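Colleague: Sequence:
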Amino acid sequence: MNPILMTLLIVAALCLFTYSMAKRILPLTRMQPEVRWDRPMQRLKQMTAYAIGQKRFFHRFEFTHGLAHVLIFWGFLVVGINTIHLIGRGYAIHWSLPLLGDTFLALAYAALKDLFVILVMIGTLIALARRLFLRPARMTIGWEPNLILLWIFAMMALDTLYAGTLFIRYPDLYEIKAAFLGVWCRSLLIEAGWGNNPETVNMLYAIGYWGHVVMVLTFLNYLPYGKHFHVITSLPNVFFKALKPKGALAKQDLESEDAIYGVSQLEEMPFKRAVDMYTCTECGRCEANCPAHISEKPLSPKRLIMDLRNHLKKRTPDMCHVAIDTLKARIAGAKPAEETPEGEIVVGELVKDDVLWSCTTCGNCITNCPTLIEHVDHIVDMRRYLVQVEGRTPGELTPVFKNFENMSNPWGLASNARADWFESLGVKTPAENPDFEYLLYVGCAGSFDNRNKKVATTLVKLLQTANVNFACLGNDESCCGETVRRLGNEYLAQAMMEANVSLWKDTGVKKIITACPHCFNTFKNEYEQFGGDFTYIHHTEMIQALLGSGKLNPKPGLNGNGPVVYHDACYLGRYNNIFEAPRKILSRMQTALTDVVTPEREKRTSFCCGAGGGRMWMEEHIGERINKLRCDQLLETGARTLLTACPYCLIMLEDAIKDKEREDEIKVMDIAELVKTAITAP
Numbered sequence: 072m073n074p075i076l077m078t079l080l081i082v083a084a085l086c087l088f089t090y091s092m093a094k095r096i097l098p099l100t101r102m103q104p105e106v107r108w109d110r111p112m113q114r115l116k117q118m119t120a121y122a123i124g125q126k127r128f129f130h131r132f133e134f135t136h137g138l139a140h141v142l143i144f145w146g147f148l149v150v151g152i153n154t155i156h157l158i159g160r161g162y163a164i165h166w167s168l169p170l171l172g173d174t175f176l177a178l179a180y181a182a183l184k185d186l187f188v189i190l191v192m193i194g195t196l197i198a199l200a201r202r203l204f205l206r207p208a209r210m211t212i213g214w215e216p217n218l219i220l221l222w223i224f225a226m227m228a229l230d231t232l233y234a235g236t237l238f239i240r241y242p243d244l245y246e247i248k249a250a251f252l253g254v255w256c257r258s259l260l261i262e263a264g265w266g267n268n269p270e271t272v273n274m275l276y277a278i279g280y281w282g283h284v285v286m287v288l289t290f291l292n293y294l295p296y297g298k299h300f301h302v303i304t305s306l307p308n309v310f311f312k313a314l315k316p317k318g319a320l321a322k323q324d325l326e327s328e329d330a331i332y333g334v335s336q337l338e339e340m341p342f343k344r345a346v347d348m349y350t351c352t353e354c355g356r357c358e359a360n361c362p363a364h365i366s367e368k369p370l371s372p373k374r375l376i377m378d379l380r381n382h383l384k385k386r387t388p389d390m391c392h393v394a395i396d397t398l399k400a401r402i403a404g405a406k407p408a409e410e411t412p413e414g415e416i417v418v419g420e421l422v423k424d425d426v427l428w429s430c431t432t433c434g435n436c437i438t439n440c441p442t443l444i445e446h447v448d449h450i451v452d453m454r455r456y457l458v459q460v461e462g463r464t465p466g467e468l469t470p471v472f473k474n475f476e477n478m479s480n481p482w483g484l485a486s487n488a489r490a491d492w493f494e495s496l497g498v499k500t501p502a503e504n505p506d507f508e509y510l511l512y513v514g515c516a517g518s519f520d521n522r523n524k525k526v527a528t529t530l531v532k533l534l535q536t537a538n539v540n541f542a543c544l545g546n547d548e549s550c551c552g553e554t555v556r557r558l559g560n561e562y563l564a565q566a567m568m569e570a571n572v573s574l575w576k577d578t579g580v581k582k583i584i585t586a587c588p589h590c591f592n593t594f595k596n597e598y599e600q601f602g603g604d605f606t607y608i609h610h611t612e613m614i615q616a617l618l619g620s621g622k623l624n625p626k627p628g629l630n631g632n633g634p635v636v637y638h639d640a641c642y643l644g645r646y647n648n649i650f651e652a653p654r655k656i657l658s659r660m661q662t663a664l665t666d667v668v669t670p671e672r673e674k675r676t677s678f679c680c681g682a683g684g685g686r687m688w689m690e691e692h693i694g695e696r697i698n699k700l701r702c703d704q705l706l707e708t709g710a711r712t713l714l715t716a717c718p719y720c721l722i723m724l725e726d727a728i729k730d731k732e733r734e735d736e737i738k739v740m741d742i743a744e745l746v747k748t749a750i751t752a753p
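In terms of the numbering used here, the sequence shown has 650 at position 579, counting the first letter as 1, and numbering is strictly consecutive.
It is worth saying that the hints were derived from the structure and are not from the lab.
Please read all numbers here as calculations on a predicted model, not as lab measurements.
One thing to keep in mind: the hints can contain errors.
Claimed, not checked - Below, in silico cross-link-like pairs of lysine-lysine (DSS-like), each with a Cα-Cα straight-line distance of 25 Å or less:
1. Lys532 x Lys582
2. Lys532 x Lys655
3. Lys582 x Lys525
4. Lys622 x Lys655
5. Lys626 x Lys582
6. Lys322 x Lys582
7. Lys384 x Lys94
8. Lys729 x Lys524
9. Lys581 x Lys317
10. Lys525 x Lys499
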């Protein structure tokens, strides 16, 4: 017990920690404000699941490493209570937190604490061995993480040494009945002959006690300066996670006088982006699952966030200086200096154009990030700057944007040709069928791409077979705006979306069916930003419902497809959780199918086809083709029919099969086509 020394340590540690945290927080005040504390109960729920519960660490591919991290994290929480005890005992030798005195709860905690000390030590050894010997390519390997792991191990060892010597000095302590690790350490010290010498015991006691306290306070003050800052920031980062639908992009306010048309520097970013940067653990899960990185494109989601974080640290002194001056002016009642940020442009300099254009916006990075960093929002906002401010895009996108603007489709085909494909099918427009229940939104691919016209025709025939009351807009239909929005042309996207919502309301639309996950995602998750409060249904959901109700009845005897494999489209599965509808369709068709096989990457771990994020309209000049990689993964199952429920995936997978010159032996089909074949089978 040494109250003076303990007070000096605590005051010094807290002052330094406050200073360090101020350096990290003040730059956030120079960034864009954003409401990230609404719906607090929902935010607390997700924080409990992902930050405290460590939900994303229990991954089937990396369970052991994830478990090691979870043990270390939970162990810190449990052992942290004992650290509070140790600090309090600098003032009163037997001080304990309320309810943890001579009570049964104290015994339960003593046993639990000792258990977690062991588990933390095991977890640190597993993590250290993994870094030293296995060295996964996705992880940033360096001295800092290894030192931190050894530091944590040492803190646990010193806690155990303190407990052992404490029980030698005070053998009648109540907690000794349950503190099995401390009792074991006491026995070890006595057997070694060190427990019988009071001077030695006191020296070891001081080493264990003060060593643990000093190491904890030192660790606390180191955190804001290294990658382990995520120990502090992961909780707020998860709490501040956007509550918008997973597949939605934020709407830019383009009418405001202070409108920001894209992000080019730190001061233009919402403050949550800085918390993302601070929270990156450099684990590389995003990188290991990124189709762009795997196919050797310039993009690494991990490196993107790390580069931005390093830039933020470099800019911290300047941003802090401006923040303090602004605060002083407000306190004095004076008008703050005109806010004209002089920050460095990061787009094109720190973050190269090729990095941004490599992204397929598949969402694998977000889904796999244990701390819920929002990589795609970073990328799309910087694309918005490139397109709307700089006018700088890959050459092949210039005619694409022009086609969207003039003809409302990427091919630049005449908009009055949208209805040509269904002239002979008896499909009616809303004017011809004013009492329609569903609007079938065909989309650009279904209207203009020859292969997807066949899918649209098949879907129409299925709906007609099931006597579904539907209509198509025909030549009045326009593009949904999804592609141009993800390519960064927010202005054009908003114009398209507003026009569609206005037309649908005027037409009396209530329910919309579409076969395109990209259209579906945009309708369901983004059109509400423009008043588009309609019911949106993907064609897999509709077909499943029709099969379930008996309005469609597959017949046995479907042959010639061989083993069938289903590919989960990113915007249908990962973004909108539609996994079961296509699988229930296949389940209902078991009598008609030879065999259904499963790829290793399926559902949330599915691999992108390479067309998302506007990549459909850009050439792959660098690295391998993503569609080839995905095709190879599907063919590894032995499948002879590749199924999808997305027009982009259909095009990309067929192209990959053609490149392999295997189109005679491998079929690529939309799931609607398979159902139609089964229904018309003899």
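Colleague: Compare the structure with each hint and give your call.
Modeller: Quick rundown of the hints versus the structure:
1. Lys532 x Lys582: It holds: about 19 Å lies between the C-alpha atoms, which stays within 25 Å.
2. Lys532 x Lys655: Within the cut-off at roughly 20 Å; holds.
3. Lys582 x Lys525: At roughly 23 Å apart (the allowed maximum being 25 Å), Lys525 and Lys582 satisfy the hint.
4. Lys622 x Lys655: 15 Å, holds
5. Lys626 x Lys582: Violated: Lys626 and Lys582 sit about 29 Å apart, past 25 Å.
6. Lys322 x Lys582: 23 Å, holds
7. Lys384 x Lys94: 9 Å, holds
8. Lys729 x Lys524: Between Lys729 and Lys524 the Cα gap is close to 19 Å, so the pair holds against 25 Å.
9. Lys581 x Lys317: The hint holds at about 23 Å.
10. Lys525 x Lys499: 18 Å, holds
Hint 5 from the earlier list is the only one contradicted by this structure; the remaining hints agree with it.
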